[in-house]
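Chemist: Sequence:
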Amino acid sequence: MATMLKEQHKEGNHAALPFEVDDMQISPDYDTIGDIHDHDIDREVFLEEEDEDEDELESDREVQAHLKSHSLLMPGTSEVDDSVAMYLREIGRAPLLTAEEEVRLAQAIERGKIERMRAEHLNTLPDRMIMQKAEEAHRHLIEANLRLVVSVAKKYTGRGMSLQDLIQEGNTGLIGAVDKFDYTKGYKFSTYATWWIRQAVSRSIANQARTIRLPVHLAETINRMGRVSRSLVQELGREPSPQEIADKMGISTEKVLEIIHVNQKPVSLETPIGEDSDRSLGDYVEDETTATPTEGADRQLLKEQINKVLSNLSERERKIIQIRFGFVDGQSHSLEEVGKTFNVTRERIRQIEAKALRKLRQLSTMHHLQDYLD
Numbered sequence: 001m002a003t004m005l006k007e008q009h010k011e012g013n014h015a016a017l018p019f020e021v022d023d024m025q026i027s028p029d030y031d032t033i034g035d036i037h038d039h040d041i042d043r044e045v046f047l048e049e050e051d052e053d054e055d056e057l058e059s060d061r062e063v064q065a066h067l068k069s070h071s072l073l074m075p076g077t078s079e080v081d082d083s084v085a086m087y088l089r090e091i092g093r094a095p096l097l098t099a100e101e102e103v104r105l106a107q108a109i110e111r112g113k114i115e116r117m118r119a120e121h122l123n124t125l126p127d128r129m130i131m132q133k134a135e136e137a138h139r140h141l142i143e144a145n146l147r148l149v150v151s152v153a154k155k156y157t158g159r160g161m162s163l164q165d166l167i168q169e170g171n172t173g174l175i176g177a178v179d180k181f182d183y184t185k186g187y188k189f190s191t192y193a194t195w196w197i198r199q200a201v202s203r204s205i206a207n208q209a210r211t212i213r214l215p216v217h218l219a220e221t222i223n224r225m226g227r228v229s230r231s232l233v234q235e236l237g238r239e240p241s242p243q244e245i246a247d248k249m250g251i252s253t254e255k256v257l258e259i260i261h262v263n264q265k266p267v268s269l270e271t272p273i274g275e276d277s278d279r280s281l282g283d284y285v286e287d288e289t290t291a292t293p294t295e296g297a298d299r300q301l302l303k304e305q306i307n308k309v310l311s312n313l314s315e316r317e318r319k320i321i322q323i324r325f326g327f328v329d330g331q332s333h334s335l336e337e338v339g340k341t342f343n344v345t346r347e348r349i350r351q352i353e354a355k356a357l358r359k360l361r362q363l364s365t366m367h368h369l370q371d372y373l374d
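So the sequence shown is numbered by UniProt numbering: it starts at 1 and just counts up by one.
Derived by calculation from the structure, the hints in this document are not laboratory data. All the pointers check out, no bait thrown in.
As a list, the in silico DSS-like pairs of lysine-lysine whose alpha-carbon atoms are at most 30 Å apart:
| no. | residue 1 | residue 2 |
| --- | --- | --- |
| 1 | 355 | 308 |
| 2 | 355 | 303 |
| 3 | 185 | 155 |
| 4 | 319 | 359 |
Computed beta-carbon distance windows for the label pairs:
| no. | residue 1 | residue 2 | range |
| --- | --- | --- | --- |
| 5 | 218 | 93 | 40 to 46 Å |
| 6 | 238 | 261 | 19 to 25 Å |
| 7 | 325 | 298 | 14 to 20 Å |
| 8 | 164 | 288 | 41 to 47 Å |
| 9 | 182 | 230 | 32 to 38 Å |
| 10 | 227 | 329 | 54 to 60 Å |
| 11 | 117 | 282 | 57 to 63 Å |
| 12 | 282 | 261 | 19 to 25 Å |
| 13 | 122 | 100 | 28 to 34 Å |
All values derive from a computational prediction rather than experimental measurement. By construction, the Cβ of each residue, glycine as well, lies at the ideal position given by its N, Cα and C atoms.
Let's have the full structure, built from the sequences with the hints guiding it.
Modeler: Given below as structure tokens:
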């Protein structure tokens with residue numbers, strides 16, 4: 001899952017950076033290059049559950065203990081999964097970062113972004129040393145926080161995804177956090193990254209749990225409606241109505257009903273009906289594209305009546321009527337199309353058709369077809 005970490009010097013309990021960034025002058029000319037922070041995320045968005053976040057951060061030591069003892073079990077098993085144990089041993093070698101080290105790494109990453117923008121603006125190659133240090137800082141910040149991903153992923157086990165897959169999705173969220181982290185806001189990277197990791201993991205679970213994949217924004221709305229519904233049950237002592245849910249969420253009742261409809265779980269047509277029956281649900285679902293026995297009999301009788309009526313016409317007249325009115329392929333055809341079939345003009349086809357229809361109107365058996373129009 002992860003690449004082997006490089007050997008790093010230790011100073012106390014903190015990790016030494018794999019390169020020196022003190023001498024890097026982080027003084028971009030934003031008037032020329034522009035502000036690279038295009039995602040100014042409100043602190044309140046990911047500090048919405050502040051207490052829970054702090055608990056997760058405090059659990060880092062607990063996670064580290066698990067890593068060292070290799071005692072993290074896979075869901076539903078009593079043995080350590082070899083691949084997970086190996087991964088945990090690997091990421092456990094990376095020391096935690098201080099807030100100051102996080103800032104210095106973020107500054108190096110920012111310097112790389114600015115250098116890339118400068119090079120693109122001037123149509124030149126970026127400085128290789130700056131870009132190398134930025135890439136190393138990017139990798140270092142990720143590797144130092146892989147334990148945070150495990151800490152978050154553990155809380156989502158038992159929801160239809162293996163721990164390995166949860167960690168993989170969480171790592172994707174961690175990479176997004178590193179790319180978007182704004183050290184000038186003043187909050188710790190781990191607090192910011194927790195929100196990104198949760199989002200990646202929860203979205204993946206929502207997608208995996210459904211036969212029909214829902215858009216991310218709709219899945220989040222469904223989750224929010226579930227939380228609101230549970231809150232109202234506690235408050236009212238009963239199941240809330242769609243109107244009450246709508247008022248609490250600040251949306252229309254129609255929208256709530258639509259969400260309820262979308263959130264229904266699909267049922268397999270192979271679902272058995274009762275324990276002692278060999279019939280399935282699909283046996284009782286009507287196929288609207290298939291004619292009923294009565295409809296099938298009516299169609300056959302109509303076909304026989306039409307053929308009997310058309311038998312009074314000449315072969316050429318009969319074929320023209322059949323093609324024109326869709327008795328051959330179910331599609332009606334224009335005079336020009338029929339004319340090309342018989343290699344005559346559309347006017348000639350119109351004349352033959354008119355003559356044939358006059359013959360049919362004079363037949364005494366035509367009234368039998370009227371019954372099928374009622």
